[in-house]
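Generate coordinates for the entire structure from the input sequences, incorporating the hints supplied.
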Amino acid sequence: GQQLNQSPQSMFIQEGEDVSMNCTSSSIFNTWLWYKQDPGEGPVLLIALYKAGELTSNGRLTAQFGITRKDSFLNISASIPSDVGIYFCAGQRGGSARQLTFGSGTQLTVLP
Amino acid sequence: NAGVTQTPKFQVLKTGQSMTLQCAQDMNHEYMSWYRQDPGMGLRLIHYSVGAGITDQGEVPNGYNVSRSTTEDFPLRLLSAAPSQTSVYFCASSISSFSGANVLTFGAGSRLTVL
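Protein chains in written order, with our numbering: chain A, 1 to 112; chain B, 1001 to 1115.
No lab work stands behind these hints: they were computed from the structure. Yeah, the Cβ is synthetic: ideal placement off N, Cα and C, and Gly gets one too. Errors might be hidden in some of the hints.
Stated by the list, open to error - Chain B is nowhere near these chain A residues, computed Cβ spacing over 12 Å in every case:
hint : residue
1    : 13
2    : 14
3    : 22
4    : 55
5    : 75
6    : 80
7    : 110
8    : 112
What the hints assert, rightly or not - For lysine to aspartate or glutamate, the following EDC-like pairs were computed, each having C-alpha atoms within a straight-line distance of at most 20 Å:
hint : chain 1 : residue 1 : chain 2 : residue 2
9    : B       : 1009      : B       : 1072
10   : B       : 1009      : B       : 1073
11   : A       : 70        : A       : 54
12   : A       : 51        : A       : 38
13   : B       : 1009      : A       : 38
14   : B       : 1009      : A       : 41
Claimed, not checked - Incomplete in silico selection of chain A near chain B, CB under 10 Å:
hint : residue
15   : 8
16   : 9
17   : 94
18   : 101
Shown next as C-alpha cells:
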C-alpha cells in the first residue's frame, strides 16, 4: 500500500513551546487530515485540508496542505499539558473514507 | 448518543483460539470499518462495509472475517488467532462511504494480545 512518512516519531517539549510535525508521501492526495489520539481512546479529527496550498487553523493548531499535494505539516503553538498524545496524519486519494492512508504517528510529550 | 462502542476493551487469547470483537454504532451510519494499529505502522484498514449485507476487504484482511447483518453492528471475527494479530483494533463509521474521512468517528479501541 501507499506509505506516509511522518516525522518526528516522538517529541519531548516544554510547556509553552511551539511544536511542528510533518508528513510526506511519494503519492498525491486529494485531502490531508490530522488526528489526535489520547491514551486509551480512538483518533479524533483535528483539521481537514482539501486544497493544495490551503492553510487552516483550529485554535492553537495550524495545518497546511503542501503545494505538491504530497506533504502536509501541523503546528501547535504554546503547548499545554493536554496536548499530550499521538498525532496522526492521513492522506485520502478519492472521496471515500476507505481510501485513507495513515502515517505512523508522532508521540508528543509536554513537560511542565 | 453513545457513538461507536467497541467491546471488549482488552482481551488475551491463546494461539488458535477464536473470538469476536464487537462494534456497534447508534448514528445510523452506512459505512463501518475495522482498523488495526501497530507500533510504527499507523492505522491499517482490515475490512469495511458500505451497508447492511455488503462487506469488502481492506489492506490487511487475512485472518479476519466480518459480516454486516444490521446497520448498527459490524463484528470482527478471528477464527484462529495468531501472535501476529496482537494489536489494537479500532472500529470507525461514517454516514456514508462517500462522505469522506472528515466525518469518520472512531471507537475507543480493543487491545488484543495473542500468546
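Each hint, compared with the structure:
no., hint, result
1, 13, "holds, 21 Å"
2, 14, "holds, 26 Å"
3, 22, "holds, 15 Å"
4, 55, "holds, 17 Å"
5, 75, "holds, 20 Å"
6, 80, "holds, 23 Å"
7, 110, "holds, 21 Å"
8, 112, "holds, 26 Å"
9, B:1009 to B:1072, "holds, 19 Å"
10, B:1009 to B:1073, "holds, 16 Å"
11, A:70 to A:54, "holds, 13 Å"
12, A:51 to A:38, "violated, 28 Å"
13, B:1009 to A:38, "holds, 15 Å"
14, B:1009 to A:41, "holds, 10 Å"
15, 8, "violated, 13 Å"
16, 9, "holds, 8 Å"
17, 94, "holds, 9 Å"
18, 101, "holds, 8 Å"
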